[in-house]
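Quick mapping for you: the protein sequence lines, in order, are chains A and B. Each step along the first sequence adds one to the number in our numbering, with nothing skipped, and position 66 is 66. Each step along the second sequence adds one to the number in our numbering, with nothing skipped, and position 55 is 55.
Quick caveat, the hints were computed from the structure, so don't treat them as lab data. Don't be surprised by glycine CBs; every beta carbon is placed ideally from N, CA and C. Do not rely on the hints blindly, as some may be mistaken.
[To be verified] Computed Cβ-Cβ distance ranges for the label pairs, DEER-style:
hint: 1; chain 1: A; residue 1: Phe257; chain 2: B; residue 2: Ala175; range: 47 to 53 Å
hint: 2; chain 1: B; residue 1: Met310; chain 2: A; residue 2: Gln116; range: 40 to 46 Å
hint: 3; chain 1: B; residue 1: Asp162; chain 2: A; residue 2: Leu5; range: 34 to 40 Å
[Claimed, not checked] Only some residues are given here: those of chain A computed to face chain B with a beta carbon under 8 Å:
hint: 4; residue: Val104
hint: 5; residue: Tyr120
hint: 6; residue: Glu263
[Said to hold, decoys possible] Covered stretches of chain B (in silico footprint by chain A; criterion: 3 or more residues with CB under 8 Å from a CB of chain A, positions within the stretch not fixed):
hint: 7; segment: 120–128
hint: 8; segment: 247–255
hint: 9; segment: 297–310
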Amino acid sequence: MTQLLLFNLFNGVITGAFYALMALGLSLILNLSGVINFAHGGFLALGAYLAYSLMPAIGFWGGLLVAPLLTALLGIVLEQTLIRRLYGRDPLYGLLLTFGLAFVFEDVTRSIWGAQSLPYQIPGWLASPLSTQFFFLTGYRVFMVVLVLVAVTGLFLILTQTRLGIRIRAGTLDLETVSVLGVNVRILRTLNFALGIYLAGLAGVLAAGMLGLQPTIGLSLIMPSFVAIIVGGLGSLPGTLVGGLLIGIASGMTTVFFPAATEAVMYVMMALVLLLRPRGLLGEHGRLH
Amino acid sequence: MILRERQRTSTAVIWLILLTAPYWINWVGGYTPLGSRVLVLALAAMSLNFLLGFTGVLSFGHAAFFGLGAYGVGMTIKYLIPSTPLGVLVGMLAALAAAMVIGALIVRLRGVYFAMVTIAFGQVFYFVAFRWNSVTGGDDGLSGWRRIPLDFGFARLDILGDDKAFYYFVLLCFAIATALMGLLLRSPFGRTLLAIRENERRARFLGVPVDRHIWLSFVVSCLFVALAGALFALLNNFADPRTLRWDQSGDFVIMAVLGGMRSFWGPLIGASIFVVLQDYVSSMTENWMSFIGLFFVLVVLFFPRGILGMLARRAVS
Chain A
1 MTQLLLFNLF NGVITGAFYA LMALGLSLIL NLSGVINFAH GGFLALGAYL
51 AYSLMPAIGF WGGLLVAPLL TALLGIVLEQ TLIRRLYGRD PLYGLLLTFG
101 LAFVFEDVTR SIWGAQSLPY QIPGWLASPL STQFFFLTGY RVFMVVLVLV
151 AVTGLFLILT QTRLGIRIRA GTLDLETVSV LGVNVRILRT LNFALGIYLA
201 GLAGVLAAGM LGLQPTIGLS LIMPSFVAII VGGLGSLPGT LVGGLLIGIA
251 SGMTTVFFPA ATEAVMYVMM ALVLLLRPRG LLGEHGRLH
Chain B
1 MILRERQRTS TAVIWLILLT APYWINWVGG YTPLGSRVLV LALAAMSLNF
51 LLGFTGVLSF GHAAFFGLGA YGVGMTIKYL IPSTPLGVLV GMLAALAAAM
101 VIGALIVRLR GVYFAMVTIA FGQVFYFVAF RWNSVTGGDD GLSGWRRIPL
151 DFGFARLDIL GDDKAFYYFV LLCFAIATAL MGLLLRSPFG RTLLAIRENE
201 RRARFLGVPV DRHIWLSFVV SCLFVALAGA LFALLNNFAD PRTLRWDQSG
251 DFVIMAVLGG MRSFWGPLIG ASIFVVLQDY VSSMTENWMS FIGLFFVLVV
301 LFFPRGILGM LARRAVS
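Looking at chain A on its own, in the form it has when it is part of the complex (with noise of 0.2 Å):
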């Protein structure tokens, strides 16, 4: 039984790392443009994919360096030609566009790997057990995790050390003084859109070494990094991180007891939420409209 629950704690951890590194690029995007970018998980396949095609050129490790920059650097052309008309605008038109884009990602992808789920490879030594006790405990997933920790700690160092990550901040706050303070705010837009995708290609890596590829792999991480967004609170980057990792861990406890309910807890808890704290448990006061 302690071999089951851990195992399954264990899990939670990583898909509440999945779910919170998908969910902090939404929140960056949608904090700074106030755009929630539907097709987040056509990047993340995106990611996936790509390192799939560039992995017998340059290997494991350079498609998880290379693919997610790639991702970044699609994302700053979608930016620039479809995503910067939406600034400003009611937030509708970005849900309907960013729908509309992440059904040609979805296609587009489907067309040109396949609709079948392909497998992808991993180095050796990181595929096999570190403990014979705890079997589940393979390289990879530690791994997984510790990667996924460097990335936030690495983001959240860009927030608070660099110029960037502070205009960026300050942006979140008052889009409007930033600019008057002589900020290009066109730039700043772009780069932060750009840091939001990044994340979502290197989570589409990551994802594709655990639950090889397919087409619909972004679709199915979407919706519970919304549901981080909002249980963590609109507006606080902080909260979507502890947002994710709790409908993670919810979700790999609630297997051991009642498996037919995995999706639909996080759901519930967002529902405890909404009703007991509605901006969300790290939310900031008046960010609700």
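Once you have looked at the hints, place chain B on chain A.
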């Protein structure tokens, strides 16, 4: 004066087209069930627009209530009583109950936040339908039932075998629902909703209980979407879990936007275009998802006010 007269003429034209559709739709390359589908989805989009266009609240989770109507009628006919009207009623009541509870949870949220929460809640219903195999049929959907011909005691209307009869049954439901929504929008209640849409803070200062009005508008909108969902299931003799999913909600929103959110009949036009296009494209190519996706992008970029919105603007200038 002229504007009102013009409105009356266009309403008359719309009803004339809808009433005669089964008699000319085959000539223009369609078929009667396609006409029924347009009506059903138009009813869904118009109900959504009650909330979206006339209250100014963005719900992206209406598919959940559409699906509740669909499964309500299907499960009633399959497991309880073989009666079409009772099934529709059960579907609508189920959606009503769900909308009242969920509405109470989310009524304080606005804008992006409201949209995200409605999407997420919608998914709950999808997962229930998807996972609860033994009752809902899971991924395969709820089949093994058919719509039951209407029996009035003195007369019988064979909506099962006769496509035209079913079309007029749908049209009757559509007429009742749209008439009720139209009346509501003309009433002081409807005017208050418009006031909230235009300036929520001012409405609040004037003593309007804003949250209660938004809740009511949400519930009304969900109730009629459920009616549309029930009719949709009757049309196909099948309830599909995909009717509950978020992409279905997105379809409703794009229909409303494409036709024109600010006008009462806009979503009908949006739904006609969308349904005909979808029917045509999915028969032509396998990559219909890309087409629909690009269609969304193009509508946002070039028709954000919708077709009727653009016409109205041109008429003014």
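Structure-based check of all given hints:
no., hint, verdict
1, Phe257(A) - Ala175(B): 47 to 53 Å, "holds, 50 Å"
2, Met310(B) - Gln116(A): 40 to 46 Å, "holds, 44 Å"
3, Asp162(B) - Leu5(A): 34 to 40 Å, "violated, 60 Å"
4, Val104, "holds, 4 Å"
5, Tyr120, "violated, 24 Å"
6, Glu263, "holds, 5 Å"
7, 120–128, "holds (count 6)"
8, 247–255, "holds (count 4)"
9, 297–310, "holds (count 5)"
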